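Number of protein chains: 2
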Amino acid sequence: MSKRDEILDVTEAMIRQKGYNAVSAREVATATGIKSSSVHYYFPNKTDMVSAVVQRYTENFLNQLGKPLELVNASGDKYSVLEIKSHYVSAFRKALKRDKKLCLCAVLGAESGGLPDEVSAHTNVFFQSNINWLVTALESSSYQDESTSQTLESNLKETLTNTAVHMLAALQGAMIISQTAGDQAMFDRVANELLK
Amino acid sequence: MSKRDEILDVTEAMIRQKGYNAVSAREVATATGIKSSSVHYYFPNKTDMVSAVVQRYTENFLNQLGKPLELVNASGDKYSVLEIKSHYVSAFRKALKRDKKLCLCAVLGAESGGLPDEVSAHTNVFFQSNINWLVTALESSSYQDESTSQTLESNLKETLTNTAVHMLAALQGAMIISQTAGDQAMFDRVANELLK
DNA sequence: TTTTGTATGTCTATCTATAGGTAGATGAAA
DNA sequence: TTTCATCTACCTATAGATAGACATACAAAA
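Protein chains in written order, with our numbering: chain R, 94 to 289; chain S, 94 to 289.
Rather than coming from a laboratory, the hints here were simulated on the basis of the structure.
Some hints could be false.
With a straight-line Cα cutoff of 27 Å, these simulated DSS-like cross-link-like pairs (lysine-lysine) come out [said to hold, decoys possible]:
id, chain 1, residue 1, chain 2, residue 2
1, R, Lys96, R, Lys128
2, S, Lys250, R, Lys190
3, S, Lys171, S, Lys193
4, S, Lys190, R, Lys139
5, S, Lys289, S, Lys160
6, R, Lys289, S, Lys96
7, S, Lys289, R, Lys250
8, S, Lys139, R, Lys289
9, R, Lys128, R, Lys139
10, R, Lys250, S, Lys139
11, R, Lys171, R, Lys250
12, R, Lys96, R, Lys139
13, S, Lys128, S, Lys139
14, S, Lys128, S, Lys190
15, R, Lys187, R, Lys289
16, S, Lys96, S, Lys160
17, R, Lys190, R, Lys250
18, S, Lys96, S, Lys128
On a predicted model such as this, the values are computed, not experimentally measured, just so you know.
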């Protein structure tokens, strides 16, 4: 792995654990076996560095989700609404349980009032992309789903957006509460509610 | 108002906007018209200061909610489940719309991995108290509510805890997304979903 | 083939600003 | 005359950032 990528990895992990302002170039440098001036060689300043982290994180996360219109299960059938939700919840569950850390953008979003504009803008992109992904995925499934056939089509997108924002918000909040309580079962309570 | 309270006010506001590590004693001092050494007169160190902020915040928040077993509406009737939920959602809506700031504990929870233990412990108390409040309030209403009569009583508390954690998580997440997006309507989308 | 040039990645050393915190003087109030 | 609340002055550590030296590697020119 390139040094640049190592720096991004370390920075991401540290921010997810402690927040933007608790991470310094020196600390990142030490953890990657170089000096802080070498960190500045790759990223002229902290804003650039963290912006790169957020962009890469967003990309990776969306890749992990896959294309919202190409989700098929083991039998080759298009995902149902419930399967989409379950798939989406799993992405966050993994992030929490595998890395034992919050979502990067939950942390940055919480601090967003004190971040460089560029960083909070990228954080917002993460949120908006997630909402888009969910709406797109749910939309394609909803047309095949009888339960929504009563809904006027003009309102469908609005309704799905509400669902999407709700899911994203609940999952972000669940990770925060779960981590603060030191109890992963808190996350599962929310995850289960979302799949009811 | 006492200088001590002024310091707590300013500190709370600043943390809610920018996070724990973006707030310094000097900044707090300047905003309250004193010197940083005077801040240390009231609070020997930052951990003490922020712990006091969190405790006061939790107290105030619970006071604002009222006693969970004494909630009555205009007609003098005990709150229904929906009324309880609506009452609870309103408490956060106020915090967001009046102060234009996140919940203090959403911010601290997100940073909790990098906070002094004492501070994150107090943050956790906020979360647990909220969950308790909701479970207690919902419990008293659920006994009167037909829709839950099928539920086995032994499972009721578990079920209500799931609902409570879910609501808290969704509201915290909604505030974060809303603030990052600079769009309060995001919060309302979630609030409406929770009251469906 | 040797030399020279240029880019890459790293370092040491350093700057300025700010952080958290302390010591101890001072003046007003009880 | 002691307590309270404030100040000035200061300390040490760390933050973000920069300048410029140095080594290596590889490519073009002599």
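Need the status of pair S:Lys289, S:Lys160: alpha-carbon distance at most 27 Å? Cα-Cα ~24 Å, so holds.
Holds or violated: S:Lys128 to S:Lys190, with C-alpha atoms at most 27 Å apart: At roughly 32 Å apart (the allowed maximum being 27 Å), S:Lys190 and S:Lys128 break the hint.
Do the alpha carbons of R:Lys96 and R:Lys128 lie within 27 Å of each other, as the hint requires? holds (12 Å)
Pair hint S:Lys190 and R:Lys139, alpha-carbon separation not exceeding 27 Å: violated (31 Å)
Under the criterion that the straight-line Cα-Cα distance not exceed 27 Å, is the pair S:Lys128, S:Lys139 satisfied? holds (15 Å)
Checking one constraint from the list: CA of S:Lys96 to CA of S:Lys160, max 27 Å. Satisfied? Distance ~30 Å between S:Lys96 and S:Lys160 Cα, so the pair is violated.
Tell me if the straight-line CA distance from R:Lys289 to S:Lys96 falls inside 27 Å. violated (50 Å)
Measure nothing beyond the straight line between the CA atoms of S:Lys96 and S:Lys128; if it is 27 Å or shorter, mark the hint as holding. With Cα atoms ~12 Å apart, S:Lys96 and S:Lys128 stay inside 27 Å; holds.
For a C-alpha distance cap of 27 Å, please report whether S:Lys250 and R:Lys190 respect it. holds (26 Å)
Taking only the CA atoms, is the gap from S:Lys289 to R:Lys250 under or equal to 27 Å? Holds - the C-alpha atoms of R:Lys250 and S:Lys289 are around 17 Å apart, at most 27 Å.
Regarding the pair R:Lys190 and R:Lys250, is the alpha-carbon distance no greater than 27 Å? Roughly 32 Å separates the two Cα atoms, so the pair is violated.
Pair hint outcome, S:Lys171 versus S:Lys193 [Cα-Cα no greater than 27 Å]: Distance ~32 Å between S:Lys171 and S:Lys193 Cα, so the pair is violated.
The structure fails to meet hints 3, 4, 6, 8, 10, 14, 16 and 17 from the earlier list, while all remaining hints are met.
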